[in-house]
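J.: Here are the chains, one letter per residue:
There are 2 protein chains.
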Amino acid sequence: MGLNNRKNQILKAVVDDYIGTAEPVGSKSLVSKYNFNVSPATIRNEMAELEELGYLEQPHTSAGRIPSDKGYRAYVDHLLQVDELPRAEADKIRNYLRDNMDEVTQLIRKAATVLSEKTDYTSLVLSPQYKRSHLKQIKMLMIEPGKALVVVVLSAGVVKDRLVRIPEILDAVQLMQIASAIEDGLSGMTLDDITLVTVAAAARQTPLPESLLNQVMYEAYLSIKQADHLDIYLDGSHRMLAQPEFQDVRKAHDFLETLNRDKLIAGYMSELKESDDLSSIEEEKDENKDETKLQKKSNDPAYMVRIGQEILLDGLQDCSFITTSYKIGDTVAGRIGVIGPRRMEYGKVISHINFVKMTVNDQIIRLANGETRMEEQNK
Amino acid sequence: MGLNNRKNQILKAVVDDYIGTAEPVGSKSLVSKYNFNVSPATIRNEMAELEELGYLEQPHTSAGRIPSDKGYRAYVDHLLQVDELPRAEADKIRNYLRDNMDEVTQLIRKAATVLSEKTDYTSLVLSPQYKRSHLKQIKMLMIEPGKALVVVVLSAGVVKDRLVRIPEILDAVQLMQIASAIEDGLSGMTLDDITLVTVAAAARQTPLPESLLNQVMYEAYLSIKQADHLDIYLDGSHRMLAQPEFQDVRKAHDFLETLNRDKLIAGYMSELKESDDLSSIEEEKDENKDETKLQKKSNDPAYMVRIGQEILLDGLQDCSFITTSYKIGDTVAGRIGVIGPRRMEYGKVISHINFVKMTVNDQIIRLANGETRMEEQNK
DNA sequence: ATTAGCACTCAACCCACGTGAGTGCTAAAG
DNA sequence: CTTTAGCACTCACGTGGGTTGAGTGCTAAT
Numbered sequence: 012m013g014l015n016n017r018k019n020q021i022l023k024a025v026v027d028d029y030i031g032t033a034e035p036v037g038s039k040s041l042v043s044k045y046n047f048n049v050s051p052a053t054i055r056n057e058m059a060e061l062e063e064l065g066y067l068e069q070p071h072t073s074a075g076r077i078p079s080d081k082g083y084r085a086y087v088d089h090l091l092q093v094d095e096l097p098r099a100e101a102d103k104i105r106n107y108l109r110d111n112m113d114e115v116t117q118l119i120r121k122a123a124t125v126l127s128e129k130t131d132y133t134s135l136v137l138s139p140q141y142k143r144s145h146l147k148q149i150k151m152l153m154i155e156p157g158k159a160l161v162v163v164v165l166s167a168g169v170v171k172d173r174l175v176r177i178p179e180i181l182d183a184v185q186l187m188q189i190a191s192a193i194e195d196g197l198s199g200m201t202l203d204d205i206t207l208v209t210v211a212a213a214a215r216q217t218p219l220p221e222s223l224l225n226q227v228m229y230e231a232y233l234s235i236k237q238a239d240h241l242d243i244y245l246d247g248s249h250r251m252l253a254q255p256e257f258q259d260v261r262k263a264h265d266f267l268e269t270l271n272r273d274k275l276i277a278g279y280m281s282e283l284k285e286s287d288d289l290s291s292i293e294e295e296k297d298e299n300k301d302e303t304k305l306q307k308k309s310n311d312p313a314y315m316v317r318i319g320q321e322i323l324l325d326g327l328q329d330c331s332f333i334t335t336s337y338k339i340g341d342t343v344a345g346r347i348g349v350i351g352p353r354r355m356e357y358g359k360v361i362s363h364i365n366f367v368k369m370t371v372n373d374q375i376i377r378l379a380n381g382e383t384r385m386e387e388q389n390k
Numbered sequence: 012m013g014l015n016n017r018k019n020q021i022l023k024a025v026v027d028d029y030i031g032t033a034e035p036v037g038s039k040s041l042v043s044k045y046n047f048n049v050s051p052a053t054i055r056n057e058m059a060e061l062e063e064l065g066y067l068e069q070p071h072t073s074a075g076r077i078p079s080d081k082g083y084r085a086y087v088d089h090l091l092q093v094d095e096l097p098r099a100e101a102d103k104i105r106n107y108l109r110d111n112m113d114e115v116t117q118l119i120r121k122a123a124t125v126l127s128e129k130t131d132y133t134s135l136v137l138s139p140q141y142k143r144s145h146l147k148q149i150k151m152l153m154i155e156p157g158k159a160l161v162v163v164v165l166s167a168g169v170v171k172d173r174l175v176r177i178p179e180i181l182d183a184v185q186l187m188q189i190a191s192a193i194e195d196g197l198s199g200m201t202l203d204d205i206t207l208v209t210v211a212a213a214a215r216q217t218p219l220p221e222s223l224l225n226q227v228m229y230e231a232y233l234s235i236k237q238a239d240h241l242d243i244y245l246d247g248s249h250r251m252l253a254q255p256e257f258q259d260v261r262k263a264h265d266f267l268e269t270l271n272r273d274k275l276i277a278g279y280m281s282e283l284k285e286s287d288d289l290s291s292i293e294e295e296k297d298e299n300k301d302e303t304k305l306q307k308k309s310n311d312p313a314y315m316v317r318i319g320q321e322i323l324l325d326g327l328q329d330c331s332f333i334t335t336s337y338k339i340g341d342t343v344a345g346r347i348g349v350i351g352p353r354r355m356e357y358g359k360v361i362s363h364i365n366f367v368k369m370t371v372n373d374q375i376i377r378l379a380n381g382e383t384r385m386e387e388q389n390k
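First to last, the protein sequences are chains A and B. Heads up: the first sequence begins at 12 in the working numbering, then just goes up one per residue. Heads up: the second sequence begins at 12 in the working numbering, then just goes up one per residue.
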């Protein structure tokens, strides 16, 4: 950051104030609210320079100033101090996410809900992706002649299944044979690597006529692939309408329209790279600030912040989007995010998102280990 | 309906016009657009009477008139003619709902999407309720020591399952014994009737120590109960913001806030009674109109229309809500609904909702029979 | 480098006014 | 008894002008 200390203070004050009030902030109110020991005129000069440097902008000549994307960026990267969540708040969230939790799906939906509620912004959660997980087992259970349940067990401890139709003549024993042949052939492979060809090859080890095998094999293949389905959960979209910047209904409409496109959002979220974020932090160094940043990194958070134009989705460019990843075991699984106005309370959101992420990670491990509600309660 | 023919015509014209323009409609524009062979003054007199009778109201003295809830009610019950969907439109929807459809969940989500898209309003779909379905099978599949998959098969051809923890010492054979004991004891019962006690009684038929049984039995019970979980799918909520009556952001906010309360909405929808609707139709008779109504009834639709204050949920009282039920086999399963401004295009929505309902019914039967995508394609 | 002073800008607000669509009423015509 | 022409009245809405005040940039003095 090439800004002297006072410029930094001023920038921070402007952003803080604007986040609080949503009104352009002027030199005078700045001196009075934050006790700078200089006159408004001095502040004015500094602000004019900050504007020249691109950190601030003026909605119109005779108004105060508001942060630009670049201003927010500097604020988030260098000026913001993220506090830990107060213990009471943390406990509430943890308890909420522990209570009554049987499934990963349920867990991440609740994570979305609690995040939105606590931050008062809109939350987005992406379901786990299992591409890189290994196939552990595949079972087929005869439900009735002609109908079977395919059960796919993944290394992450996740079980997916699907009802399929099979040739009526197949009996339970034959079905099991096929399933175990496929399992033998494929177990240990990652979902990504399994193709129709590999499944077919595995199935062919069964001493049954190919005509019978084909359909079953194909269904097995589909079932495996389907285990990787991406889902997106959205919560609290109405909260955006309470923000002054969305009083314009057209903006609100566009925002909601974009968020309602599940696939678009899911695609965008799943392709976010953590590395992007780390790179964008760097530019110059400022000793004491850098320290904060390092602390952030080592602390594991690794959240990403996208501000305004940095978000590449139409309709969200008046927003900021904070995301992080949760894990299953030690591989990245899905993502959690909060989207709000650019003028969002970054500190609050980041500390919440970090805490929710950690709690989700913990809970997933618990689920994978098969601890059930009853045990939880006795804990 | 105690209105003479001309009053009916006028009421219908007012509602039609207001639906189209969202502007209060006055006597003059009424005569010019719809060719009544009388002067505006006559229309004015009639309108004044319609207002006295409660069918119309005036936003302010010097404005035209808009329909009241009662006016809409009369319109929907007596004046509206519902057309069949054009074949081209019908085909599109049918194909969309057929394509790529493996699961009931997926089906009803797509139903919500297509309904919202085609009507340009917001759609709501309630997942099937299985309370009244019978338990057909319950299987337990050993995944690894201490972990099993419980598979619950319902009469409707629906399969639900759930991963549970079991005592580590149990082996696959014992597990199967327990499952088949429970199955023997409970199969044929409706989900409603199954309680912890009945499950326990059934499980106790197994020649295993009770300490081992307890946990498994409890998990089985939970799995059965969980099969009945209610889900709600919402689509196109942003579309409401395009409506002039929701230009006021506060209204839009309240609307969205209410819709975001899944449980509230799910509860409300699941408790709607068809009978309510039929009863509300009756009052007086008017020969030729009654005919239309009977036709509606016999034609199977049985949709429900809730208008304005008739909707008992806060925040939706500027809306109208049209719902219908879809079936699994021959028992009511879940509900499909469209919510829009009171000023909604009732005819369009009703014909769409009816068609979607029928298509969903057909598809569910198809799914239950286990026809898969491949066969569909060959059809 | 800082600051007091000053002229300038411009969104926001208020108010007054005219406009016009729409009404209700009355009295005449059918 | 119904319909209609005529007319006075109402009131939301749009327009334009005037004022206000927060905020600015610049200059000159500290």
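One or more of the hints may lead you astray.
Since the list gives no way to pick out one identical chain from another, each pair is judged satisfied if it fits inside one copy or across any two copies.
[What the hints assert, rightly or not] Below, in silico cross-link-like pairs of lysine-lysine (DSSO-like), each with a Cα-Cα straight-line distance of 30 Å or less: (1) K39 / K142; (2) K236 / K171; (3) K338 / K18; (4) K171 / K338; (5) K103 / K338; (6) K359 / K236; (7) K284 / K23; (8) K158 / K44; (9) K18 / K236; (10) K338 / K359.
What the hints contain is simulated information worked out from the structure, not anything from laboratory work.
J.: Now look at each hint and say whether the structure bears it out.
T.: Going down the list of hints, with the structure as the test:
1. K39 / K142: neither (56 Å within a copy, 66 Å between copies)
2. K236 / K171: both (10 Å within a copy, 19 Å between copies)
3. K338 / K18: neither (40 Å within a copy, 67 Å between copies)
4. K171 / K338: both (18 Å within a copy, 26 Å between copies)
5. K103 / K338: This pair counts as within: shortest intra-copy Cα distance 22 Å, inter-copy 41 Å.
6. K359 / K236: neither (38 Å within a copy, 39 Å between copies)
7. K284 / K23: So K284 and K23 pass the 30 Å test inside one copy only (28 Å; across, 58 Å).
8. K158 / K44: neither (72 Å within a copy, 60 Å between copies)
9. K18 / K236: neither (54 Å within a copy, 62 Å between copies)
10. K338 / K359: This pair counts as within: shortest intra-copy Cα distance 22 Å, inter-copy 47 Å.
In terms of the numbered hints stated before, the structure departs from hints 1, 3, 6, 8, 9, listed from lowest to highest.
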